[in-house]
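Read top to bottom, the protein sequences are chains A and B.
All residue numbers for the first sequence refer to this note's numbering, where the first residue is 2 and numbers rise by one.
All residue numbers for the second sequence refer to this note's numbering, where the first residue is 4 and numbers rise by one.
What the hints contain is simulated information worked out from the structure, not anything from laboratory work.
Glycine included, every Cβ here is placed at the ideal spot set by N, Cα and C.
Any given hint could be a false lead.
As the list claims (entries may be wrong) - Derived CB-CB ranges, DEER-like:
1) B:Asp58 <-> A:Glu60: 24 to 30 Å
2) B:Lys63 <-> A:Lys10: 24 to 30 Å
3) B:Thr74 <-> A:Ala53: 32 to 38 Å
As the list claims (entries may be wrong) - In silico DMTMM-like links for lysine to aspartate or glutamate, alpha-carbon gap of 20 Å or less:
4) B:Lys113 <-> B:Asp87
5) A:Lys10 <-> B:Glu45
6) B:Lys63 <-> B:Glu18
7) B:Lys101 <-> A:Asp39
8) B:Lys101 <-> A:Glu60
9) A:Lys58 <-> B:Asp5
10) A:Lys45 <-> B:Asp5
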Amino acid sequence: NAGVTQTPKFRILKIGQSMTLQCTQDMNHNYMYWYRQDPGMGLKLIYYSVGAGITDKGEVPNGYNVSRSTTEDFPLRLELAAPSQTSVYFCASLGVPDGYTFGSGTRLTVV
Amino acid sequence: GDSVTQMEGPVTLSEEAFLTINCTYTATGYPSLFWYVQYPGEGLQLLLKATKADDKGSNKGFEATYRKETTSFHLEKGSVQVSDSAVYFCALMEYGNKLVFGAGTILRVKS
Numbered sequence: 002n003a004g005v006t007q008t009p010k011f012r013i014l015k016i017g018q019s020m021t022l023q024c025t026q027d028m029n030h031n032y033m034y035w036y037r038q039d040p041g042m043g044l045k046l047i048y049y050s051v052g053a054g055i056t057d058k059g060e061v062p063n064g065y066n067v068s069r070s071t072t073e074d075f076p077l078r079l080e081l082a083a084p085s086q087t088s089v090y091f092c093a094s095l096g097v098p099d100g101y102t103f104g105s106g107t108r109l110t111v112v
Numbered sequence: 004g005d006s007v008t009q010m011e012g013p014v015t016l017s018e019e020a021f022l023t024i025n026c027t028y029t030a031t032g033y034p035s036l037f038w039y040v041q042y043p044g045e046g047l048q049l050l051l052k053a054t055k056a057d058d059k060g061s062n063k064g065f066e067a068t069y070r071k072e073t074t075s076f077h078l079e080k081g082s083v084q085v086s087d088s089a090v091y092f093c094a095l096m097e098y099g100n101k102l103v104f105g106a107g108t109i110l111r112v113k114s
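Excised from the complex, chain A in its bound form (with noise of 0.2 Å):
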């Protein structure tokens, strides 16, 4: 049972760059999440969805989007990267009685 897995776990974008940010879970969990993590600061709701076909915005959603075709993945795309998107960012899947799930994480440098 792997949980909820990211990929990629470090990379560097230019300014200007695009990319997306990986996540599937094999628990069948309907919610998920993206945090991100900034030193200091906790970590800060992005984007969730309660389910294929559905998303919302959290606190932070500028500069991001995403979509839910599938149970399983969630993935997180950046269109035009910033340095205010260095950050570390984490997904997480949500079930009963699993709980909150979160996944390793990927740190994302911006320069």
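For chain A, the structure is supplied; the task is to place chain B on it using the hints.
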């Protein structure tokens, strides 16, 4: 909106010392409360939780009690070990099953 405030770190203790990490929250209603732990280079893991007032969550020697009167959920451990060195996050679950995190507290335990 809902928020979580936890004591700033880093907290540096000697092995076998008593640990307290303070956490207070602001929320409408009575949310479920959580402590998560993050070891270096890893994602977040659930440490313990409490779902209603006066509940005590416990795991691996850590405890926290849901105090409605003081809107607090302080984390305690009677005797810390070097292996407890990590970042600890207090969090609440708000409407929509979304987690709201505190800023995190770094714990360093010296042998």
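| CA of lysine 101 (chain B) to CA of aspartate 39 (chain A), is that 20 Å or under? | Holds - the C-alpha atoms of aspartate 39 (chain A) and lysine 101 (chain B) are around 18 Å apart, at most 20 Å.
| field | Cβ distance range 24 to 30 Å for aspartate 58 (chain B) and glutamate 60 (chain A), holds or violated | value | Given range 24 to 30 Å: holds, Cβ gap about 27 Å.
| Within 20 Å, alpha carbon to alpha carbon, are lysine 101 (chain B) and glutamate 60 (chain A)? | 10 Å, holds
| message | The hint says 24 to 30 Å between lysine 63 (chain B) and lysine 10 (chain A); measuring C-beta to C-beta, is that right? | response | For lysine 63 (chain B) and lysine 10 (chain A) the Cβ distance comes to about 27 Å; the hint holds.
| message | Checking one constraint from the list: CA of lysine 63 (chain B) to CA of glutamate 18 (chain B), max 20 Å. Satisfied? | response | 15 Å, holds
| task | Take the C-alpha atoms of lysine 10 (chain A) and glutamate 45 (chain B), compute the straight-line distance between them, and say whether it is at most 20 Å. | result | Measuring from Cα to Cα gives roughly 11 Å; hence the hint holds.
| Taking the CB of threonine 74 (chain B) and the CB of alanine 53 (chain A), does the distance hold inside 32 to 38 Å? | Holds, at about 37 Å.
| task | With a cut-off of 20 Å on the C-alpha distance, tell me whether lysine 113 (chain B) and aspartate 87 (chain B) pass. | result | The given pair, whose Cα atoms are some 10 Å apart, holds under the 20 Å limit.
| task | Quickly compare the C-alpha distance for lysine 45 (chain A) and aspartate 5 (chain B) to 20 Å and report which way the hint goes. | result | Holds. Lysine 45 (chain A) to aspartate 5 (chain B) sits at ~13 Å (cutoff 20 Å).
| said: Check whether the Cα positions of lysine 58 (chain A) and aspartate 5 (chain B) lie no farther apart than 20 Å. | reply: 16 Å, holds
Hint compliance for this structure: every hint is met.
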